[in-house]
Amino acid sequence: MDPTLFFEQVVNGLSLGSLYALIAVGYTVVYGIIQLINFAHGEIFMMGAFGALTVYLVLGSPTDLSIPMALCVLLPAMILGGMVLAAGTALIMERFAYRPLRGAPRLAPLISAIGVSVFLQEFMRLFYGRIPGFPDSKRGIAFPRIEGITGNNIDIGSVSIKMSSIFTIAALLICTAALWYYINRTKTGRAMVATSQDPDIARLMGIDVDAVIMRAFVVGAALAAIAGVAHGMYIGNIDFKMGFMAGLKAFTAAVLGGIGNINGALVGGLVLGMVEAFAAQLGPTAWKDVWAFVILILVLVFRPQGLVGAKVVNRA
Amino acid sequence: MNENLLRPVAIAGAGLGIASIFLPWAYGPRILDDMTYYFGPSFLQVCYALLAVVALACLVAHFFLDRMSWFARVIAWNDAAKAASLGAVGYAIAVIIAIAVGGGGLINVEPGGWLALGGGALAAVSWFLPASKAPIFERLRCPKWVQILAIAAVMAVLLFAAAFALNQSEADGFLVFAVFLGAAIFTFHATGFFGWLSLAAANNRKVLVISAFTVAFAFPFTQNGSDANMSVAAQVLTFAATAIGLNIVVGLVGLLDLGYIAFLGAGAFTAAVMSKSVFATLSVDLPFPVVALISGTVAALFGLLIGTPTLRVSGDYLAIVTLAFGEIFRITMINLDGTDGPNITHGSNGVPSIPNLDFFGFDFGQSHEIFGIQIGRFSNYYWLLLLVIGLIILVFANLNHSRIGRGWVAIREDEMAAESMGVNTFGLKLLAFAGGAFLAGVAGSVKAYTDTSVSPDQYVFLESAFLLAAVVLGGMGTIMGVLIGATLLKLLPEKLRYFEDYRLLLFGALMVVMMRFRPEGIIADERRQLEFHDTDEELAEEVEEDLTTHHAHLNADKELP
Chain L
1 MDPTLFFEQV VNGLSLGSLY ALIAVGYTVV YGIIQLINFA HGEIFMMGAF
51 GALTVYLVLG SPTDLSIPMA LCVLLPAMIL GGMVLAAGTA LIMERFAYRP
101 LRGAPRLAPL ISAIGVSVFL QEFMRLFYGR IPGFPDSKRG IAFPRIEGIT
151 GNNIDIGSVS IKMSSIFTIA ALLICTAALW YYINRTKTGR AMVATSQDPD
201 IARLMGIDVD AVIMRAFVVG AALAAIAGVA HGMYIGNIDF KMGFMAGLKA
251 FTAAVLGGIG NINGALVGGL VLGMVEAFAA QLGPTAWKDV WAFVILILVL
301 VFRPQGLVGA KVVNRA
Chain P
1 MNENLLRPVA IAGAGLGIAS IFLPWAYGPR ILDDMTYYFG PSFLQVCYAL
51 LAVVALACLV AHFFLDRMSW FARVIAWNDA AKAASLGAVG YAIAVIIAIA
101 VGGGGLINVE PGGWLALGGG ALAAVSWFLP ASKAPIFERL RCPKWVQILA
151 IAAVMAVLLF AAAFALNQSE ADGFLVFAVF LGAAIFTFHA TGFFGWLSLA
201 AANNRKVLVI SAFTVAFAFP FTQNGSDANM SVAAQVLTFA ATAIGLNIVV
251 GLVGLLDLGY IAFLGAGAFT AAVMSKSVFA TLSVDLPFPV VALISGTVAA
301 LFGLLIGTPT LRVSGDYLAI VTLAFGEIFR ITMINLDGTD GPNITHGSNG
351 VPSIPNLDFF GFDFGQSHEI FGIQIGRFSN YYWLLLLVIG LIILVFANLN
401 HSRIGRGWVA IREDEMAAES MGVNTFGLKL LAFAGGAFLA GVAGSVKAYT
451 DTSVSPDQYV FLESAFLLAA VVLGGMGTIM GVLIGATLLK LLPEKLRYFE
501 DYRLLLFGAL MVVMMRFRPE GIIADERRQL EFHDTDEELA EEVEEDLTTH
551 HAHLNADKEL P
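Those sequence lines, one after another, are chains L and P. Per the working numbering, the first sequence starts with residue 1, numbered consecutively. Per the working numbering, the second sequence starts with residue 1, numbered consecutively.
Note that these hints are calculated values from the structure, not bench results. Please note that a few of the clues may not be correct.
Claimed, not checked - Quick look at which bits of chain L chain P covers, simulated, 3 or more residues with Cβ under 8 Å: (1) 111-118; (2) 292-305.
Stated by the list, open to error - Listed next, the stretches of chain P that the computed footprint assigns to chain L, with coverage defined by at least 3 CB atoms under 8 Å from CB atoms of chain L: (3) 242-256; (4) 286-293; (5) 324-337; (6) 462-472.
Stated by the list, open to error - Partial chain L-side listing against chain P, Cβ under 8 Å, derived: (7) Leu107; (8) Leu126; (9) Val255.
All C-beta atoms, glycine included, are put in the ideal place defined by N, C-alpha and C.
Hey, can you work out the whole structure from these sequences and the hints?
Now the structure itself:
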């Protein structure tokens, strides 16, 4: 393989993998604590992207901003908006769809989660475009142009790297650091670890388990919202369906790394991104979406605890 | 308020309500089913009168209770009156809304309509009457022929109601009739009649099954050759057959399969490529039963392929893996188009124009005449589907009550305990998975011929979610429930085109609400109900009591000569 092409695919794989990793953390954190596959997490990712778009529209669709303005004011505001919408949705969802079902047979929350997922997609499809001045959400919406990122490339030798790729990879690095700090160095983070190890004992130790679960949803939603913004800039448009495939692949990444294990989700995401990038390059493009699922099935056959090792494997 | 005052008021209200049907309710004959005549009540007005008459009869009965001896306790007279009069109010409101929406404003409601509402509201003061004692209706011993007759009558009413509902081409008539059905069921429930009926049904299971199938079989004759309705009915049956297959996997074994539609698709594609369509890539001339078996087997092989690796790990993974498999299936079917893979399915175009089935010279595409009634193409397929669904129900019911079925339930309730008691959990799970796939494959082969074309976009994740919703809505682990769930989920969107855009939104919300408030579904499997409400001691006792009295009755009846 031509080295230029090779490095380009490595960058593609890393940025795709960063996206998956950011979303996968949400699956893994929630699963680690309440053993629930939050099927609607892909829709939280979608809400993040729409939240960012909303902020942009509310600000009056600013164009012709200078690069520092765009990067230091507009982009953070959009990310924050995405996080607020995603986290808000996640909290409402947790409160009304999952919390009442804690302790029910495991099928019940999973079915509820499917309902939430369909509901959120349809809700955005039907009602987002009805807000005055907002674009029709039944079709794909072009993601706002951020000066300095959208359409810009950096050339390193003969390899040309999109700025949006760099943003995505940088976002993953920053988020990983922040997440590490939160989990290992803050009191609430430690409480989260304790709860995931043993919720009953954690409760006896005075930890408010409900609050911990809500925080887990918020952490997952915040990272998914960043992924949503990154996805919008990387692909160029967003739509109400974007969470389905992305969520499915991110879940694959979480299983690949070992579900319940945060490091595993990061590793799994990156590995999956790489595999997809190279499979798309080497194999026929029509089959590119199949590989993730083939990997998922292979992992479950040969290493159900995942690459890094799951916290729980077979708690039936 | 004093009962001596309440009762006459309620009686007067019910009387007024009955009188109201002899007045016009609506201005303009186009609204609902023409409620514009004096002394010429339309069908929907008669429906109202039925509720009012029941209310009136139950209210008046009070004055004769002393002379009725034991019969006084058979029916919960007061409760029935309350239910009927509330139903009448609800129905009148529904009709008035329908008239207002259909005609453009409340101005279109004639005095008769208001009288119906007022009469119903007056009758509804019966709500403040004291509650009846628990009715002893269900403890009534009846000769067998009465029970059989009752079952047959209920089935006939069902047939008529289904035919009438299907014939409502407008959403408003359909909705109003649905409200009436709801009110009628509510009333009958209050009398205690359903308890008796379910005992009668349990005593005469064979009669029930035979009459249900007779009614289903007779359904095309009520349609007067209208093939449009039969096409809907055929769709409902396909959907129900697949949902019952899914119910084995989800309801009995508790494995969440989110890619079940892929097995239906596998069967449909297999049948399609083997058909005599000019687009079929593997045209072989085989009789249809063989094709159906091959389709089922192909689907079952897919089931084994997917089940073998994933059934060993925890159930949560299975949901996602089956979902992934559903996607792989769809993408693969699109890609087997000759450019990205071998040409088997013609890619996203699929296999169109599949010729009709031909059984020993009987062409399924031809319409023909029986008893002077035109029987169209879809009716033929409807009967074929009925056969398939009968087969699936047979498999389901027999497995459910066998050693295998008990093993499945044990796995569902506690897999580890089941395993340590010597249940071969992996084998049984695999059997359920592959067996469910087989049934879906058979249903798919019929679907291919009914629809005359098969394309990958019919087999998307949402369809799997809908199947699951039918199972969840109707009641996991029951046949009746899933039949009802499947009918509701297919029929309502067909009849309520107006809401089409909101269909999925409502569907999503429904899943969440169902899981929250009634996870066991409309018709609950008793054991399943307990499982979902394991902290509810009262319910546990109730179910236990029900079961013991129920069985005591069954045994008592058997002892009779």
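Comparing the hints with the structure gives:
1. 111-118: Satisfied; 7 residues make the cut.
2. 292-305: holds (count 8)
3. 242-256: holds (count 3)
4. 286-293: This one is violated; 0 residues, fewer than the three required, reach chain L with a Cβ under 8 Å.
5. 324-337: holds (count 8)
6. 462-472: Held - the segment 462-472 of chain P has 4 residues with a Cβ nearer than 8 Å to chain L, which meets the minimum of three.
7. Leu107: holds (6 Å)
8. Leu126: holds (6 Å)
9. Val255: Valine 255 of chain L check passes; min Cβ-Cβ to chain P is 7 Å, inside 8 Å.
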